[in-house]
Structures are given as C-alpha cells and as structure tokens.
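Enquirer: Required output: the full structure, derived from the provided sequences and hints.
Number of protein chains: 2
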Amino acid sequence: MTDTPRQRRPRAPVPLRAGYKQLRHPFAPQAAFSGDEIAAMHDTALRVLENLGIRILLDEARSIFRAAGALVDDDSQMVRIGRDLVAEALSAAPRSIRLRAADPAHEQIFEPGAALFMAGSGCPNVTDALRGRRPGSRESFVETLRLQQSFDVIHMHGPSAEPQDVPIHLRHYTLMQEQLTNCTKPLFVYSRGRGQVAQSFEMIRLAHNLDDAAFQDGVWATTVINSNSPRQLDIPMARGIIDFARAGQLSLITPFCLAGAMAPVTVAGALVLQHAEALAGITLAQLARAGAPVAYGGFSSNVDMKSGSPAFGTPEHIRANLGSGQLARFIGLPWRSATGSASNAADAQGAAETVNALWAAMLAQATVTVHAAGWLEGGLSFGYEKFILDVEALQTLAELCRPAAADAAALAYDAIAEVAPGGHFFAAHHTMERYQTAFYAPLVADLSNHGLWTENGALRADQRATAIWQRTLAEFTPPPACKDAGARLAPYVAAQIAAGGMLPED
Amino acid sequence: MTDTPRQRRPRAPVPLRAGYKQLRHPFAPQAAFSGDEIAAMHDTALRVLENLGIRILLDEARSIFRAAGALVDDDSQMVRIGRDLVAEALSAAPRSIRLRAADPAHEQIFEPGAALFMAGSGCPNVTDALRGRRPGSRESFVETLRLQQSFDVIHMHGPSAEPQDVPIHLRHYTLMQEQLTNCTKPLFVYSRGRGQVAQSFEMIRLAHNLDDAAFQDGVWATTVINSNSPRQLDIPMARGIIDFARAGQLSLITPFCLAGAMAPVTVAGALVLQHAEALAGITLAQLARAGAPVAYGGFSSNVDMKSGSPAFGTPEHIRANLGSGQLARFIGLPWRSATGSASNAADAQGAAETVNALWAAMLAQATVTVHAAGWLEGGLSFGYEKFILDVEALQTLAELCRPAAADAAALAYDAIAEVAPGGHFFAAHHTMERYQTAFYAPLVADLSNHGLWTENGALRADQRATAIWQRTLAEFTPPPACKDAGARLAPYVAAQIAAGGMLPED
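These protein sequences, in sequence, are chains A and B.
Under the working numbering, think of the first position of the first sequence as 231, with each following residue one higher.
Under the working numbering, think of the first position of the second sequence as 231, with each following residue one higher.
In case anyone wonders, no lab produced these hints; they're calculated from the structure.
What you are looking at is a predicted structure, and each value in this text was computed from that prediction instead of being measured.
Treat the hints with care, since some could be wrong.
Each pair may be met inside one copy or between any two copies, as identical chains are not told apart.
Claimed, not checked - Derived pair list, reagent style SDA-like, types lysine to any residue, alpha-carbon separation capped at 25 Å:
| no. | residue 1 | residue 2 |
| --- | --- | --- |
| 1 | Lys536 | Gln700 |
| 2 | Lys536 | Ala635 |
| 3 | Lys536 | Arg424 |
| 4 | Lys536 | Phe656 |
| 5 | Lys251 | His680 |
| 6 | Lys713 | Asn281 |
| 7 | Lys536 | Asn686 |
| 8 | Lys713 | Ala335 |
| 9 | Lys536 | Met662 |
| 10 | Lys536 | Gly653 |
| 11 | Lys251 | Arg330 |
| 12 | Lys536 | Ala688 |
Expert: Here it is, written out as structure tokens:
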C-alpha cells in the first residue's frame, strides 16, 4: 500500500484564504417565540415609541423628527414617534446592500440570507500569551487588522483593538490609514462626530481614488450605532446616523440591551426595548435620507447576577439572538447580531460561550455576526489566541454553507462493494480520488493520540494558537490592492495633523 | 438602593438537580441533504443489503435470517436481506418506549421529539487534574457514576470508565452492582455474551424486586450494539441484539462509520453504510421478537487525515449528525446520536468539538445523545473536568427546552415606562420580582471582571471544574431508591463469584 492517508505527511502551512467568501445561510431560521409573540413585541415597541418616547440629545435629530411630524419636547429632549413614521421608514429602507471593497473578490451583498462575520471589535485592551494583557496600541491595531485580513472567513473589518497610544484627535487618521494600507475588505468607520466621520470618508475616497458618485455607488464604510439604553440616543450616535445616511454609507443600528441592567430582566422585555430603540434609529436614518442603507441591530443578552457583567452564550443570549432574528424578519431588514465571550481566558468557557452564540446567530440567520473572533472579557480585550480558536469555529460553520455531495458517486455503492466485510477504505479507489480534499483541514485542532500529543509537549489548543498567529503575522504582506493607498494618504494626513487634527464629538 | 443584583451574595453551592428531566426538543429539525438525497441513501442501503449483504458471525443470527427468507451462505457467513424483510421490521419496531428507572422521577419516554443525554461511555482510561491520566478502575467507575447521578441533565447511565482492575469474568457484576447501588436513572448493560447479559438482567430483577413480567413492562436495560464496519456483525453484538430483543430490553443499534477508514470517504457514502448496517441490526431484532425496542443509531464522522484518529465536531461530523437524523425520521424510529471530542485536554478545542456536535445532535433531533459529557481523546479517556464543563453546555441547551415567558408582564411595557431614559433596571419592581430566577445560574463559567478573576487566581474553566467535581463527589449520598439494592445483590454476586464468574463471549 503506498501513500495512504495514515502515512505521515509534511506539516502544511497555515491554511489561509480557504475561500469562505460570500456565504449563504445553510439552516432554516429557528424561533424562540411564536409569531403572535413577535407581533406583540413589535406592537409593544411601537407603543413605547408613541407613548413613552426616546430621549435624543442632538438638536438636529430632534428637528428632523419634528419636521416629519413626531411629537418633540425640547426641554426634556423627548421625541415621541408615531407608528406611521416607523412604517414609512421601514418601507424606505433597502433590503439588499452592496458592500464595496478594495479587492472586488471581497465585496459582499448584505441582505437577508447572507452570512458575514466580523472580528471582535472595540476592545480597549489586547491579550496574547507572549506579551500578556496590555492597552491597545497602534502596533496591536495593525497586528489584529492583519489577522482579520489573513482569514477569508472574516468578511468585514472591525476596529479590533483601540490604538490608545494615538491621541484622540488624531486616532481616526490611524484607524483609517492602517485599514486602507493593510486591508482589502469592507471598512469600518467610527461615529465619533461629524468632523472625524467626514475626514474618514475623505481618506477612503483618496485611497481608492473615488469621486463622490463612486463613493456612493454601494457602501464603502460601515459604522455601529449603539443607543444609550434605555431610550436614549446621544449626540455622536445621532449625528452618525444622519451623516452615514446622507453619505449613503451603512449604519448597523444596535441597542446593547442587557436584560436586568439597561433593559428589562426578561428576554422578551429586553427585546421590546431593543426593538423600540432600533426602530427609532432606523426611522432617523430614513428621515435623513430615504433609502439610506441601514441594518437592524440586535445585541441583547443578560447580565450576570453575581458580577453585573454581560453574559454571552447563555440560554438568555441564545434566545435573544433567535428572537432578534425573528424581529428582523418581521420588519424585513438585514440584521446584525453578535457572538462574544465573557471569559477572561481563551479556555473552555470562552470556547463554549462563543460557539453557542455563533450557532444562535446562524440559526437566527444574522446577516453579519460581530465580535465573532477574538472577543475576551465581554469585549474589554482582544485575544490573539482567542481569535485563532474562533476562526476555527467560524470555518467549521462556513464549511456547512457548501452543500455536501450526494450524487451516485458520493453514495459510494461501488466503494462499499469493493471493500470486504471487516476491511477498510483507506486504499479504496473512492478514497484515493478524494482524500486530499474530502475533509475540512483543522487550523488549530490537534487530533493526534495521547502519546504523540504528550511527546509534542502536551499543548492546549490556546497554546498551539500562539504559533499560528505568529506565523500568520510573519507571513503577512500587504495585499496588492493596498499598494498605492499609503502614498495617496500621506500628504492628506500630514496636512490634517499640521492643522491640529479633529477632536471627537461628545 | 438595597439588595440589588450588583451586590455580592454568598457563594451558592453547586446547583445540582436543576430539574432538566424529560426534555423535548425545542428546535425544528434541520437538513444536511435534500429529501430526494435521503431517499436515495435509503434505497442504496437497501441495495447494499440485498445485493452485497452483510457478514454475520453468529450461527444463530444467520439461522434466524434464513428462516425469515434471507439469502444466507454459511461458508462466507454472508447474509443478503431483501427490502421486504427490512420493511416488515421497520413497521414492527415501536415508536415510543418507556424507560424505567429506580426513581420514577427519572423515567423517560424514548421517542421522536424527546431529548435525552448520556455521559461519555466506554472509556478505558480516566483523566483528572489531581491524579492525572490512568486506567479506569472500580474506584473511578464509581466516581464517574456518581457524577452522572448528580446532574439531572444526564438522563441515562452509561459505562463511563471501564473498571480494568476487575477481571473480565467478574466485571459485569461490578458494572451492575455499582449502577444499582449508586444510581436511579435508566441503566446500561454491556452486550458481552449471553451469560453476562443474563446475569446482568438477573441483578436488575433482584435489586428492584421485579418478576419477569415487571422486568418486561417497559425497558430496564439499554445496550449499545456496534457493528464491525464495514458490513460485519460479530458474535457478541449479534447475540446482544437477539437477547435484548427477547427480553424486551433496548438496543441502540449503532454502526461507527468513520468516513475514510471503516466507511466511504464521503459523508453521504458513510451514511449509506451506516444505514445499511443499522437496518440489518434492526431487522435481526424484530425477527428475534417482533416489537422489540430498538433505536436507530448514527455515529458517523470523519477520520483525521493526518493521524487516522476519529474527528468530532467537524463539519463532516455535523453533517453526518444532521443526515442521520433525516434518515431516522425517514424510517420513523427514535434514534441515538453522539457528540464527542478528540482533544487530549479539557481545553478550547475540546469545548468547541463537543458544543458543535451537541448543537448538531439537537438540530438533528437525536432522541438520545451519547458521550455528551466527559469524553476526551475520542473516547479513550473519561475526563472529570471535561464532564463538568460539558454539563454546563448541556444545561445551557436544556434551558432552551422550556419556553421563555412572553406574556404582557414579560414584555415589560410598564417597567420600560418606569425607568427614565439613560437609567437602569437594577432596582425596577419588574427586576426585583424576578432577578433571583430570571437567568440560568452558571455551574463553572466565571463572569467576573479581569481584576477580580486575577485576584482569585486567574483560573481557567477546567481548573475551576476540579473543585466542582470534588465537591459533587464529597456531597454525594446514595439516593433512597438504592437503599436495599446492595443487600439484595450481595449474596447473588458472592455465589456467582464462588461459582467462577462468567467470561465474556468473543
């Protein structure tokens, strides 16, 4: 017998770029609530908006609502929004959105049925086994961007680690420069005030040589809008909704409703609050510009009753994910979910939390699942090892987005006939023709037996992950589509820094 | 503010016996293959049985098949089974089976729609952080039985760890004595020959004071039948099918079809082989006694092409699980699935493998999922820490089997009205009424922040699990329903040992 699968083969390089692009959901959406219950949640959310209202701190946003017929009280800053306004907004919002990318192979159609993943985002700290836990820096931001770029199963860039060593009036230049010179997937822009957003958009136009029409032909920039639950929208968030809408760029309008803390203690109640706040944001976007690209956002979970911390991958988080998917389908919009982990380590708890939440997002047919790789400590740190482990989980699910072969050859009657009872299929023709590509090739999982595993140092998965991110970063070269971006951006950034930068907006 | 959830409360004891009994599946079953493809698999499996046949090493089993009209060749031991025989068997097999238990609260209805879990089973070794990896012994068998008994989410007992320090001609006495004196859930009996099976049944009758009629009123003993894939059924397995059928006890008829090793390299082909072998076993059971309780068994996965080891939680394993569920529904029988882990440690790999496979089994609506807690190294070791971690995963899914409240009070309009914009719900009446029972209370997950977690020793989840299994074993007391079993069994076992015991059958 020659060259059978049992023989040891040379160790393969990290299997990057496996082709997990433009995925479609493989599962039928699942329900956590009945159709009547979802309709009641929607109706209750509308009653919240009509009768109780939402506090909106930005004058311009209240003026937009007033002009459209909402009941606005400027003293209390409360805005009460009728269900007719919400209905008009929902019918104006697009169902299908083209996400542009420096590399056309990384473009995405953002619509119900599509399955996109974004890495862990917004983390003030980073953690890896070699350098420990430390505040995010420009260096770690670049590294974590390069990790995102290196795996096809990450579809949109997120602001993984906050570059805290860059002053806040200059930080948006760093966030955009590093994305534009290292990355070729759809980009992220923070909503930190009109000035920073405008300059970030300008940097995208410069880097990719886009005029205004080209910049608005599809979406080049995505932002996340978090309301200040309960029932409040602050100035930079309201401004972001308006500015992204007017520029034709995408807002993921995502209340962060932790049941028992910023939201009612019941999952159903948290979803009602989430829904009301998301509808208010979607309505503002459509009033700012009808047809503006927006996504419904659901990020409800429970708070840990012992510590007050957010919990992920719990039964309540899974239910909230499924219910959010039902609410998104009820209003017909693409939607953003999230996985996540509260664990402080890239351990079994962290894996179970992320994988549970990931299955929930898949079964809820989330259009994009944020924080899908690398989120530790409920988002307080981006874990390099955690990122690698989570990429394995994402690739496992991404494999399921391709149908399995089940034609006559795959049913293997002839192979079964060929192999004697009690024999084996290692050397069967059917096996030899297929074994090199038959199965998913693990990134970090080690399936060797206990003896060999012990000989090789008895490393846990998180310990093996260290070598994988190191190798990935060592092998990274900026993609060709980024080649000229640095030179195009440098004079602009230098001039802006010389002019004093741009502070974020409170 | 007094007594809010943020305040530290005294550490609760391990939340055992949380009431996860008699679960029903919460999700709609999912498909990995089209209906036509499943029908083609079934038809191809029937062609395998009709044209190629299966080798059956037990003379008595071949005689049963010959008497029923199958084509039997005693020289080659090959049996070819017509589709009419299979169809008759499938119509004779019961759809709903009552599993009896020493404690009536642990009885189960084993039928499509029910969701039962069994711990990791059949492990020659055990592993824990205090004593390391070692061969299974009577002591570790007892400990792992007590762990199974202590958590309600484990529904049927499995032979967790093999008591290798007990000679094989006496081992079945140990396996039964320890189950019958420590456990009150449905019992497991190995099919290791006619003599051992008969004596094991006799011990159940003695311990529970059952006459023959009472023993056959529902199922008191469950066994797992593994064919020697491909297309072979050995003597103890064939004998087990016959003996369990005639005694009205349950066989989980489970080919272990590893794609690329003992089965075709395609998932579809592995399922065809699995289906053919399972149908052969089910047919033998029904020929031995029409109406015998049997379950369809699916345990197909892929082999790791680097090491030749079985893989779990992989895309191929997930697909095989979903496809097995489709095949089980196609023939209308309750069915047994399995999760599992190839990892050598209770680490992030192990967690992801088990949790992925668990979701697959849930979405495939497995009636019982075997190896659901504690399986390491593809079954070569039972991990104490792994068991605790997996119980958390099982409890998380079990919570989802209860519907979430979504009545008007749960929708929380009044609570939302009560809390001011930007405020919090910690002290809301709605929260105070519910917070103690609103959320699943983690068994091992630690959601404290990084500072507190570090102060507490920066323990990984597997390290925290050590204290939990220790505490669980320390607090264990044999349940009241076991009280008299030991005294009833002792004279019988002493007499059998004096008579030389009973060797297993090859």
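Enquirer: For every hint, state whether the structure bears it out.
Expert: Now for the hints, and whether the structure bears them out:
For the homomeric pair Lys536 and Gln700, the shortest alpha-carbon distance between copies (23 Å) is at most 25 Å, but the shortest distance inside one copy (37 Å) is not. For a Cα distance limit of 25 Å, the shortest separation of Lys536 from Ala635 across copies, 22 Å, qualifies, whereas the shortest one inside one copy, 48 Å, does not. Taking identical chains as interchangeable, the C-alpha atoms of Lys536 and Arg424 are never at most 25 Å apart, the minima being 40 Å within one chain and 54 Å between chains. In this assembly of identical chains, the alpha carbons of Lys536 and Phe656 lie at most 25 Å apart only when taken from different copies (13 Å versus 53 Å within one copy).
Taking CA atoms no more than 25 Å apart as the test, Lys251 paired with His680 passes in neither setting, with 35 Å inside one copy and 35 Å between copies. For a Cα distance limit of 25 Å, the shortest separation of Lys713 from Asn281 qualifies neither inside one copy, at 54 Å, nor across copies, at 63 Å. Proximity of Lys536 and Asn686 under a CA criterion of 25 Å is satisfied inter-copy only: 15 Å between copies versus 40 Å inside one chain copy. In the homo-oligomer, the alpha carbons of Lys713 and Ala335 lie at most 25 Å apart inside one protomer (16 Å), although the nearest pairing across protomers, at 68 Å, exceeds that limit.
For the identical chains of this complex, Lys536 and Met662 are inter-copy neighbours only, at 14 Å across copies versus 55 Å inside a copy, given an alpha-carbon limit of 25 Å. When the C-alpha separation of Lys536 and Gly653 is checked against a cutoff of 25 Å, the pair qualifies only between copies, where the shortest distance is 20 Å, while the shortest distance within a copy is 56 Å. For the homomeric pair Lys251 and Arg330, the shortest alpha-carbon distance inside one copy (14 Å) is at most 25 Å, but the shortest distance between copies (50 Å) is not. Proximity of Lys536 and Ala688 under a CA criterion of 25 Å is satisfied inter-copy only: 17 Å between copies versus 35 Å inside one chain copy.
In summary, the numbered hints that this structure violates are 3, 5 and 6.
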